[in-house]
Amino acid sequence: MTAAAMPQGAGLHAGHDDRPWIRRYVFSTDHKTIGIQFLFLSLFFLLAGGLLAMVIRWQLGFPGTPVPGGSILPDAMAPGGVIRPSFYNALVTMHGTFMIFFAVMPLLTGVFANYLIPLKIGAPDMAFPRLNMWSFWLMIPAGTLALAGFFVEGGTAAAGWTAYAPLSNSPLYTGVSAGQVLWCLAIVIFGASSLLGSVNYVTTVINLRAPGMTWMRLPLSVWALFITAILALLAVPILAGAIIMLLFDQVLGTHFYLPTGGGQPLLWQHLFWFFGHPEVYILILPAMGLVSDVIANGSRKPVFGYPTMVAAIGGIAFLGFIVWGHHMFVSGMNPRLGTTFMASTMLIAVPTSIKVFNWLGTMWRGNIHFHVPMLNAIGFLSMFVIGGLSGIFMAATPVDMYIHDSYFIVAHIHYVLFGGSLFAAFAGIYYWFPKMFGRRMDERLGRIHFALTFVFYNLTFFPMHLLGLGGHMRRIYDPTQYPFLAPLQPINRFISVSAFLLLTSQLPFAFNFFRSLFRGERAEINPWRDNSLEWTLPSPPPHGNFAATPTVYRGPYEYSVPGEVEDFLPQDRPARAAAEAH
Amino acid sequence: MAHAAPLSAPRAEQGLGVYTQKLGMWVFLASEVMFFTALIGSYIILRWGSAESWPVPHEILAIPITALNTFILICSSVSMVKAYAAATQDDQKGLRRWLLLTVIGGATFVGVQAFEYHHLISEGLLPSGIREGSALAARLVDTGKVSATAAGLFGSAFFTMTGFHGFHVTCGVICMTFVTIKAFRGGYRGGRYHGIETIGLYWHFVDLVWIILFTIVYLI
Amino acid sequence: MHWWFPANASSYGGDVDRIFYVILYITGAVFLLVEGGLLVFLVRYRRREGRTAAYVHGNNKAEIVWTTIPAVIVISLALLSQKVWSAVKDPAHFPKDAIPIGVHVKQFEWQITMPGPDGKLDTDDDIFRKNEMHLQVGRDYAVRLTSQDVIHSFFIPAFRLKQDAVPGMTITAWFRPTRTGEFDLACSQLCGTGHYRMEAKVYVHSAEDFARWQAAQAAGGVATPSAAAADTPRATGGMAMGHSGAMR
Amino acid sequence: MEGTRKHPNYVAVWGALFALTVLEVAAVYVGLPRHLLVLSLLLLAAWKALLVALYFMHLRFEPRRLALVAMTPLPLGVILVVAVLQEYAKR
Numbered sequence: 000m001t002a003a004a005m006p007q008g009a010g011l012h013a014g015h016d017d018r019p020w021i022r023r024y025v026f027s028t029d030h031k032t033i034g035i036q037f038l039f040l041s042l043f044f045l046l047a048g049g050l051l052a053m054v055i056r057w058q059l060g061f062p063g064t065p066v067p068g069g070s071i072l073p074d075a076m077a078p079g080g081v082i083r084p085s086f087y088n089a090l091v092t093m094h095g096t097f098m099i100f101f102a103v104m105p106l107l108t109g110v111f112a113n114y115l116i117p118l119k120i121g122a123p124d125m126a127f128p129r130l131n132m133w134s135f136w137l138m139i140p141a142g143t144l145a146l147a148g149f150f151v152e153g154g155t156a157a158a159g160w161t162a163y164a165p166l167s168n169s170p171l172y173t174g175v176s177a178g179q180v181l182w183c184l185a186i187v188i189f190g191a192s193s194l195l196g197s198v199n200y201v202t203t204v205i206n207l208r209a210p211g212m213t214w215m216r217l218p219l220s221v222w223a224l225f226i227t228a229i230l231a232l233l234a235v236p237i238l239a240g241a242i243i244m245l246l247f248d249q250v251l252g253t254h255f256y257l258p259t260g261g262g263q264p265l266l267w268q269h270l271f272w273f274f275g276h277p278e279v280y281i282l283i284l285p286a287m288g289l290v291s292d293v294i295a296n297g298s299r300k301p302v303f304g305y306p307t308m309v310a311a312i313g314g315i316a317f318l319g320f321i322v323w324g325h326h327m328f329v330s331g332m333n334p335r336l337g338t339t340f341m342a343s344t345m346l347i348a349v350p351t352s353i354k355v356f357n358w359l360g361t362m363w364r365g366n367i368h369f370h371v372p373m374l375n376a377i378g379f380l381s382m383f384v385i386g387g388l389s390g391i392f393m394a395a396t397p398v399d400m401y402i403h404d405s406y407f408i409v410a411h412i413h414y415v416l417f418g419g420s421l422f423a424a425f426a427g428i429y430y431w432f433p434k435m436f437g438r439r440m441d442e443r444l445g446r447i448h449f450a451l452t453f454v455f456y457n458l459t460f461f462p463m464h465l466l467g468l469g470g471h472m473r474r475i476y477d478p479t480q481y482p483f484l485a486p487l488q489p490i491n492r493f494i495s496v497s498a499f500l501l502l503t504s505q506l507p508f509a510f511n512f513f514r515s516l517f518r519g520e521r522a523e524i525n526p527w528r529d530n531s532l533e534w535t536l537p538s539p540p541p542h543g544n545f546a547a548t549p550t551v552y553r554g555p556y557e558y559s560v561p562g563e564v565e566d567f568l569p570q571d572r573p574a575r576a577a578a579e580a581h
Numbered sequence: 000m001a002h003a004a005p006l007s008a009p010r011a012e013q014g015l016g017v018y019t020q021k022l023g024m025w026v027f028l029a030s031e032v033m034f035f036t037a038l039i040g041s042y043i044i045l046r047w048g049s050a051e052s053w054p055v056p057h058e059i060l061a062i063p064i065t066a067l068n069t070f071i072l073i074c075s076s077v078s079m080v081k082a083y084a085a086a087t088q089d090d091q092k093g094l095r096r097w098l099l100l101t102v103i104g105g106a107t108f109v110g111v112q113a114f115e116y117h118h119l120i121s122e123g124l125l126p127s128g129i130r131e132g133s134a135l136a137a138r139l140v141d142t143g144k145v146s147a148t149a150a151g152l153f154g155s156a157f158f159t160m161t162g163f164h165g166f167h168v169t170c171g172v173i174c175m176t177f178v179t180i181k182a183f184r185g186g187y188r189g190g191r192y193h194g195i196e197t198i199g200l201y202w203h204f205v206d207l208v209w210i211i212l213f214t215i216v217y218l219i
Numbered sequence: 000m001h002w003w004f005p006a007n008a009s010s011y012g013g014d015v016d017r018i019f020y021v022i023l024y025i026t027g028a029v030f031l032l033v034e035g036g037l038l039v040f041l042v043r044y045r046r047r048e049g050r051t052a053a054y055v056h057g058n059n060k061a062e063i064v065w066t067t068i069p070a071v072i073v074i075s076l077a078l079l080s081q082k083v084w085s086a087v088k089d090p091a092h093f094p095k096d097a098i099p100i101g102v103h104v105k106q107f108e109w110q111i112t113m114p115g116p117d118g119k120l121d122t123d124d125d126i127f128r129k130n131e132m133h134l135q136v137g138r139d140y141a142v143r144l145t146s147q148d149v150i151h152s153f154f155i156p157a158f159r160l161k162q163d164a165v166p167g168m169t170i171t172a173w174f175r176p177t178r179t180g181e182f183d184l185a186c187s188q189l190c191g192t193g194h195y196r197m198e199a200k201v202y203v204h205s206a207e208d209f210a211r212w213q214a215a216q217a218a219g220g221v222a223t224p225s226a227a228a229a230d231t232p233r234a235t236g237g238m239a240m241g242h243s244g245a246m247r
Numbered sequence: 000m001e002g003t004r005k006h007p008n009y010v011a012v013w014g015a016l017f018a019l020t021v022l023e024v025a026a027v028y029v030g031l032p033r034h035l036l037v038l039s040l041l042l043l044a045a046w047k048a049l050l051v052a053l054y055f056m057h058l059r060f061e062p063r064r065l066a067l068v069a070m071t072p073l074p075l076g077v078i079l080v081v082a083v084l085q086e087y088a089k090r
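As given, the protein sequences belong to chains A, B, C and D, one line each in that order. With numbering that gives the first Met the number 0, the residue at position 539 of the first sequence is 538, and numbering never jumps. With numbering that gives the first Met the number 0, the residue at position 153 of the second sequence is 152, and numbering never jumps. With numbering that gives the first Met the number 0, the residue at position 153 of the third sequence is 152, and numbering never jumps. With numbering that gives the first Met the number 0, the residue at position 73 of the fourth sequence is 72, and numbering never jumps.
Here chain A stands alone, though its shape is the one from the complex (with noise of 0.2 Å):
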């Protein structure tokens, strides 16, 4: 096996790729493309997501009315282009589904982690290659199955991406059988790519740093990405356990929340939430991360406390573990618990804050350049605000039990997870485009696309706290028959619109990346004149990173040192102006 051997010792030179055609772009072990292979993967999901959403607004804002083009979609969904009730929740379930496991973890982690923990701490390759291929080429099954479910007999999953049992476990509950199962299964094959991933991302940050780069002069997206790769490590198995009891109460007629056979549906809800709160972090550290990279560079400054920003990834990540109740307030869970798991949560607003008002004093006595990615950033830090703010209502036991379930926590999840992590992977994105394909991405585009998201995410999103203030469920496929929910209408119909605007504003985004990666403007090495050592190599780096493993002088973040003609100094110059200022 010469080519999985490759990326190892003596034959690993940058420069000499003579890995044949198959290897080098299918099954490939250079982490730079399975972190390529991941982005497509990625954004296809994202889109697919997207999509799902949009038939949601659809029939939230006009229900009961033909999904335009919907008389493509076979009865069993929609009878006329009319969505069924059956359909809408296979809908919230797979839209749910698709994004968290499907496009966002996989953008954040499966991209960001494999493109740049090697670049940065300066390695050749993932500490074990192979496996790397194989995390990614699990994901095919995995997302294959997940979509194959809308194809068989009684329709995808439908019980929610939370699978609450026991309405996941019994087809005489949804009438979905072997869609359930296949949800499962996808998921149970995503848990073992994660693994792979996470196994791979640890082992590489903790024993391939080049030498120099000690553990406080890592960049803080190589931290939050490393302890995302801890968080998954150890919580994903979890899903895995609770998800193989699930699939055993369909297929093998065991009884693990089965209340008639003795089960206890609570037992699903703590292991999938003891599971499902980290993977919240897991979605918003390695967002985190990306974005401390690109507004220190933005502001042309060092980030405002670094140790305190990593001990706070660490914080956030280990009250991760002991919060998950939170999400069971109302679910008939013992009321004691509830007290120590609002005390937990509340807590978390502790590091999180450090990390917003680091970001600010990030900015503070900059020299702020407004390039695409930082903007993404400026998006990611305003938005990020509001969905941590709002989280605080939820955590306050009494108030959680008003707005549990209801559109509030739905604004607040996606103000985490759009606002959050997806504008900064859009920052993420723009900022190492011409790193991963040697091209810039077009900056009057990426503006057009910012301004426009920036926009109609909000107009969508925010409206929502005040649909879930009037009381407003979640999961619903008609509002119109409550009563209650009635006069609340106009919102729905509202948001609906912002949201087939905030898809349609993709689109200069779409355009702008097809493009550039074959039109684009030819990028130099570091154009945005970064420290981190991924801009010292060529753009797009051989195969093998490095041609000699660099040495690393100091920390990443050393932008404006005085008494140097440029205002950053990258990791790897043994310079003598900062060899005196240390």
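Derived from the structure by calculation, the hints contain no laboratory data. Each hint should be verified, as a subset may be incorrect.
Unchecked claim - Selected chain C positions facing chain A (in silico; Cβ < 7 Å):
(1) E34
(2) V39
(3) R45
(4) E48
(5) P166
(6) I170
(7) T171
Stated by the list, open to error - Here are some chain B residues the structure puts well away from chain A; computed CB gaps all over 10 Å:
(8) L22
(9) V109
(10) I120
Please read these numbers as outputs of a predicted model, since none were measured by experiment. The beta carbon of each residue, even a glycine, is placed where N, CA and C say it ideally should be.
Please arrange chains B, C and D on chain A, whose structure you already have, making use of the hints.
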């Protein structure tokens, strides 16, 4: 994977002071601990929370044969560690002998477990519960000793936990077979023991899980 | 158009709203501070020719300040919430003489058993209704929630109360209506295809009206459907997660 | 360095594991009071698990920080199980 060692050799920033494969295996095992936590934890929770009379495991399961099986697995762990010791001393004959014994031990364990499953299923214990009209039902449920619900839950948890452990042993046996073949071809000559130590960690971990499972599922 | 909370109609709804507003004011202030600060920085420190960013790595004093203040705020919020929470959800603090109401939920229907004049359930004068609950204003009620199939959630927006009904468990939730009128009862947990139309009505009557209604039920001889009553598992106390045996 | 490591007496560890297993099985058939039985079985199992981890998996001879990697999941698992068991505590 087997060739990953040279990567870490010239680095200045050594994280934990262990080579990459070993570290990777430990990281993987940390994840495995969480997986088994989900299964074993659920069993503890379901049993603790069961309002009905839970079956005494040794009235359903055959303890002596499983105790013997436990012993076989422990022995295969010892032979594994002896193989590792042989590899570090470049004792190729010892390495091959101990590896072969390890594979045989693991395969025997899986075989005994398959026999046990067959026996239990014919007695009437199924993942879905105790089969009506079976020998086990007559002995436990019909006499009112044990509630059918609790026994059913026990069956669900028993097959899931031991099944996944058995799956891990099976994977271990398959990998170990390849390692043994490689050893016979001299792949671990000259003090190249990293592969042996890494697979050994997995092997011992599976043994360790069994120690916990044997106690919690069979004895308590 | 009413785009805010429905008017409160329960004894503790006011406390819930109060905590909401406290949090709203605090988070609102933080929001203005952060976004305002961000805007000021963006304008003031925008890129200019000849400007160099300050070479600053941090400031421990500032970081201690913005660690401590949020910590103090959230801890006080937790303490504030805790009082209301335990008053609403902790069985130890339930009103002792609350009138029991049996609510058995199934896909997609609320089966509500209200006591007759004797104030007790499981007696001959029980009144059974589908998707309809009749209450007397100013009295304490303890709803015993059970579910026949999947998890549903008992949600009365005007009472600020939400509590899941879980199959295999009997969960008690209490409230005291403080206003007469007609209120909505909704299911807020995805429970299947008909989740969106699990609508029920809660009628809160004045004392006289309620007595009249109750008398009419007795006279009209609306018998308790025995099957449904038998299907409603009874609270066993203590083990809240205990099983109620054969269901379904 | 790693190659020249001295190996502990594996056969002695094996003997201890064997003896502990025999003790466990004996404890079940002797008919100890229930909670004493559970407690002693858990202790014996933990002892065996420790023997395997420390000697067969050489945690005793590894850097401390690797032991940390190995230990990280344990408190999390305990937190999960203990918290969920609170569901059965008297409310």
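**Prompt:** Minimum Cβ separation between I120/B and chain A greater than 10 Å?
**Reply:** At roughly 12 Å from the nearest Cβ of chain A, I120/B sits farther out than 10 Å, so the non-interface label holds.
**Item:** Hint status (Cβ of T171/C to nearest Cβ of chain A, threshold 7 Å)
**Value:** violated, 10 Å
**Asked** Against chain A, with CB atoms and a cut of 7 Å, does the hint on E34/C hold up?
**Response** At about 6 Å, which falls below the 7 Å cut-off, the nearest Cβ of chain A leaves the hint on E34/C intact, so it holds.
**Message:** If I take the minimum Cβ distance from V109/B to any residue of chain A, is it greater than 10 Å?
**Reply:** holds, 20 Å
**Message:** Take the shortest C-beta to C-beta distance between P166/C and chain A; is it under 7 Å?
**Reply:** holds, 5 Å
**Prompt:** Is the hint on V39/C kept, meaning its closest Cβ partner in chain A is under 7 Å away?
**Reply:** violated, 9 Å
**Request:** Answer holds if the nearest beta-carbon of chain A is closer than 7 Å to that of E48/C; otherwise answer violated.
**Result:** violated, 10 Å
**Item:** Hint check, I170/C versus chain A [nearest Cβ-Cβ separation less than 7 Å]
**Value:** holds, 5 Å
**Request:** Over 10 Å to the closest beta carbon of chain A is the bar; see if L22/B clears it.
**Result:** The claim is violated: L22/B sits with its nearest Cβ about 5 Å from chain A, within 10 Å.
**Message:** R45/C was flagged as interface toward chain A. Is the shortest Cβ-Cβ separation under 7 Å?
**Reply:** Holds - the Cβ of R45/C comes within 7 Å of chain A, reaching about 5 Å at its closest.
Taken one by one, the earlier hints fail for this structure at numbers 2, 4, 7 and 8, listed in ascending order.
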